[in-house]
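Visitor: These are the residues of each chain, in order.
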Amino acid sequence: MLIMAYSLSIFLMITLPLALAAGLRRVSRPVWLLFSVGSLTFILSQAVHLPLNDWLADIGFLPKSSVDELPLWRTAVTLGLTAGLCEELARAAGYALIKKLKPIWMRWQDSLMLGLGHGGIESMIFGGVLTAAGFSSLLSMREIDPNTLGLNTEQLAALKLQLELFTASPWNAILPLIERTLAISIHVVFSLLVWRAFARGKLSRDWYYIPLAVLYHAAVDAAVVWTAETSSANYVLMMLIFTSTLLPGWAWALWLLRKERVLRAAIKRERERQVGDSSIWAELSVFWAASIKELRQLWRTKRLLVMGAVFLIFGMGSPVIAKFTPLAFRSIEGMEMFAEMIPEPTAGDAMGQYIKNLAQFGFILAVLMAMGVVVGEKERGVAAMIISKPMPRWAFVSSKLAAQGVMYLTGFILAGTGAYYYTLFLFEPLALGDYALLNGLLYLWLMVFVALSVLGSTLAGSTVSAGGIGLGLAVALLLAGALPRYGALLPGGLMGWANQLGQRAAGVAASLPGSASASAEVMANGGAAASALVIILMSLVLAIGVFEQQEL
Amino acid sequence: MSEAMNAAQPGVPAEFSEFGPESAAIYCQNLSKHYGEIQALEALTLSVPYGSVFGFLGRNGAGKTTTMRLLAGLALPTAGRAWVAGMETTSARRQARLRFGYLPQEPAFYNWMSACEYLEYVGQIQGLNKAKRASQIDRLLALSGLQDAARRRIGGFSGGMLQRMGIAQALMGDPPVLLLDEPTSSLDPAGRYEVLDMISQLRGKTTVFLSSHILTDIERVCDTVAILHKGRLVLVSGKDELLEQHPVNAVELEFEPIYGSSDQEMLARFSSALQEKAWVASVKRENARLRVMVQDVSRGKRELLPLVMAHDLSLNRYEWVRPSLEDIFLQLSA
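As given, the protein sequences belong to chains D and V, one line each in that order. Residues 1385 to 1936 in my numbering are what the first sequence spells out, letter by letter. Residues 39 to 372 in my numbering are what the second sequence spells out, letter by letter.
These aren't lab readings, by the way, just hints derived from the structure by calculation. Keep in mind the model is a prediction, meaning the values are calculated, not measured. A hint or two may mislead.
[As the list claims (entries may be wrong)] Okay, the calculated bits of chain V under chain D, using three or more residues with CB under 8 Å as the criterion:
#	region
1	104-118
2	140-148
3	162-168
[To be verified] Derived BS3-like pairs (lysine-lysine); straight-line CA-CA distance at most 30 Å:
#	chain 1	residue 1	chain 2	residue 2
4	D	K1686	V	K168
5	D	K1643	D	K1483
6	D	K1486	V	K268
7	V	K243	V	K315
8	V	K243	V	K170
9	V	K322	V	K268
Even for Gly, the Cβ is constructed at its ideal location relative to N, Cα and C.
Whenever a hint applies, use it, and build me the whole structure from the sequences.
Guide: What follows is the structure, given as C-alpha cells:
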C-alpha cells in the first residue's frame, strides 16, 4: 500500500504538469514548444543557481553542513534571493528571446504555458525524481540497522525521522504532491508577472514587474525555508504557511485574467469545440488508429519480426553463453592449466550476460529502428499527405513512440521468456518477482533511448542526421551518468539496480531449502526510474512541440 | 472580364477578391510567404467560387505550390490568412482539414499498404464510421478505376495509378473543396488523359482548385483561370470570358509537309522574315505549321500572303484564330 501510494504520488508529480498543459492547450491553443522553453529556462537557471549556492556556502554566506551554523533568517533570505534572481532572470531572458524571435507567442496563454513548463520540470525533478530517490532509499534502509551506517548522531536522528514520516501512513505520500501542485501554481503566477514586463512592448515602463517577480519568489522561498526549519516537522502548518504566501499571487493572477476577459471566452470556445469533431475523444480515436497503423507497419515491413528474433536469440543465448563459455575455454588446447581458475558458471552469470546483451544490442536497435520514424515520412512526403488530413500532430508523433514501445515490450517478453526457460534448464529457477522487475527496468532504460531517437528523428532533416542526433543525445545521457552528484539519478542508474535484482533473482535458487546462502540486499534506485520517465515524456513533448512548428 | 478591379491587385475582378470567407469555397486574404529574402507569395487576395474548376496557372517557381501548402495548413504564412469552405486553414485547426482534400505534386503513400487499406486509414483519420468508410472506398475505387488494384500494394502502382489514387484519397470524406497541385505534371499522355477525365467527372460536385503549368490541361478542364507570376496574382477570369476578351489576332499557317533540307531552309527563312516584321508579335513553329501572333491585324492580313508567295511556299491551310490560353499566359507572364 505504501509503495503504491508513493508510486502514484510520484507518477502524478511527473505527469500532472503535462496534463495541465494539455488542458490549457485545448482551451486556448498555446504551442507545446513553449512548455519545453519554460522547462529550459528552469534548467538553465539551475545551472547557475546550484553552483551559486555552493559558492556562497564556500565563502561562508550559507551554511555548509548544518543550518545552525548561521542565523536562520539570513539563510532563508539568501536562499530565497538566489532562487528568485536565477529563476526570474532566466524567465525574463526567455521572454526577451521569444519577443524577438516569435512575437506572436506573447499572449497571456503563452505565459501560462511557459509557467507550466518551468514549474512542471521543477515538479518532475524536485518532486518526482527526488521523492522517488528518497523513498526507494528509505525503503531499502528499512531492512538495514541505521546504526551500522556510520552516521553521526544528528544525521542518524534525521534519518530516523524521515523513515518514520515515510512509513507512518500511505497518506503522507500526498504531501509532496500537494506541495508540488502549489509550487506549479505559483510558477504560473511568476510567469505572468514577468510576462507583464514584456506584454505591452514597453519594457522601459513596465520593467518593475521583473524585480517584483524576483522579490515575490524570494519571499515565498524564504518563508518555505524558515517554516521547514521552525515547524518541527508539522507538515500541515508548513502547507498552511506556504499556501498563505501564494494567496496574493493567485488573487493578482485571477484579477488579471478576469480583467483581460480571456478565461471565460476561452472556456466558451472550448465547450463549442467539444461538440464538434475536435473533441478530445475524436483526437484520441485518431491517435489509436495511427498507433494501430504503426504496429501494422512494423509487422508488414518485418521490423517487428527481426527485432523479436534478435531479442529472442539474445534472451535464449545469454544463459547458454554463460554456461558454455567456460567449458569452451577449458576445451581449448593449452588452456587446461587454467581450467581450475575458471569458476563454475551460475544463474547469476546468466543474468549478468542477459543484462549485458540486451543493453548493448537493445541500445543499437533502439537508435537504428527509431531514427527514421518521423524524418523518413517527412522525406518521402507521406507526412505532408497525412498531416493535411485531420490528424493532430501530437498523435502523429506519439503514435510512433507508442508503437515502438509495444514493439520493445514484445521483444522483452520474448527475450525474458527465452532467458528464463534456458536459465531454468541449464541452471536453477529464478525468483519471478525480481526477474520481472529487472525486465521492467531494462525496458524503461531502453525506452529512454527510443524516445531520444524519436526526438532526433523529429529534429533532423534527413534519416542519417536523425541517427546522428539520436546517438549523440543517447551518448550525452550515458556520459552524464558519470556526473558525481547527479549521475546516479539518471537512467544509467537503472542498470545497477537491474544487476542487483538479477543477482538476487538468481540467488533465490541458492537460498532454496538445502542451500546455505541468503539472497543479497538490493538498493532500489527509484530516482533513476523516475528520471527515465521524465526524459521519455519531455523528449516526446519537445518532439511534438518541434513537429508542430515544422513546415512539410 | 469584369471592369471592377481590385485596387491592390490589378487584373483581379471584384467577384474574385471581395467575397469573404463565408461565401467563397476558398478565400485568401493578403496571404504572403517569404523564405528569407525570397518572396514566394505576396499579398494574395483571392475568392474561388463554389462549384468552379479553378485553374491556377504560373511558371515554375511562381508560387503555386506555396499557395497550395499554405491552404493545406502545411506551411505557415508570413502574413495573411486563408479559409477553405468557411474554415480558417492557416490556424492549424483540426476541423478545417475536413473541409478539403489535398493532392501534392508528387503524392507519396505507405507503399506497404493496399489502395483499400490506405483509404480505410484516411477514413479513420477523418472520423468516418465503418459503414461510411466502406461505401466511400467502393465509390472512390470505382471513380478512380482502381477496383482491380484495390488489394495490390501501392508500391507497385504506375505513375497514373498513383495520381488517381491521390485524387481518390483527397476525395475521401466528401470534402467540399479539392486542392490539386500539378496533378498531371509527371504523367505520360495516357496518364494525363485518365486524370483529367477524373477531374472532369467532379465538375458540379466539388470545387476543384487546380494548379498547373500545363496550359492545355487547364484549358481542357477549368472554367475559371488565375495567373500567378513571381508570387503575385496578375489575372483572374472565367476561361471563356478571357478568351473572348482577346481579339482574333493569331493566324495559323500549315504548309506542305517537309521532305528535305531545302524545304526546311525555306520555312526557316520565312519564319525569320516574319519575325522581323513590325506587325508580328511572335512566331511559333512546329514542323510545317506556324502560329503567328499579330500586333497589327489589318497589316497582317494585307502582307502575310504576299510574303508566303515571295518565299515560294505551298500553303495547305490559312486561318485567323483567337489566341489560346497559352498565348495569353505567355503574354501576361513575360
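Visitor: Check whether the Cα positions of K243(V) and K315(V) lie no farther apart than 30 Å.
Guide: Outside the cut-off at roughly 49 Å; violated.
Visitor: Do three or more residues from the region 162-168 of chain V put their C-beta atoms closer than 8 Å to C-beta atoms of chain D?
Guide: holds (count 4)
Visitor: Taking beta carbons only, do three or more residues of the region 104-118 of chain V come closer than 8 Å to chain D?
Guide: holds (count 6)
Visitor: Starting from K1686(D), check that the Cα of K168(V) is at most 30 Å away, please.
Guide: holds (28 Å)
Visitor: Apply the coverage criterion to the region 140-148 of chain V and chain D: a residue qualifies when its Cβ sits closer than 8 Å to a Cβ of the chain, and three qualifying residues are needed.
Guide: Contact hint for the region 140-148 of chain V vs chain D: holds, 7 residues under 8 Å.
Visitor: Given the hint that K243(V) pairs with K170(V), does the C-alpha gap stay at or below 30 Å?
Guide: Status holds; Cα separation ~18 Å.
Visitor: Assess, step by step, whether the Cα of K322(V) is no farther than 30 Å from the Cα of K268(V), and give holds or violated.
Guide: holds (24 Å)
Visitor: Can you confirm whether the C-alpha distance between K1643(D) and K1483(D) stays at or below 30 Å?
Guide: Holds, because 23 Å separates the two Cα atoms, which is no more than 30 Å.
Visitor: K1486(D) and K268(V) were given as a pair; does the straight-line alpha-carbon distance stay at or below 30 Å?
Guide: holds (27 Å)
Of the numbered hints stated above, the single one contradicted by the structure is hint 7.
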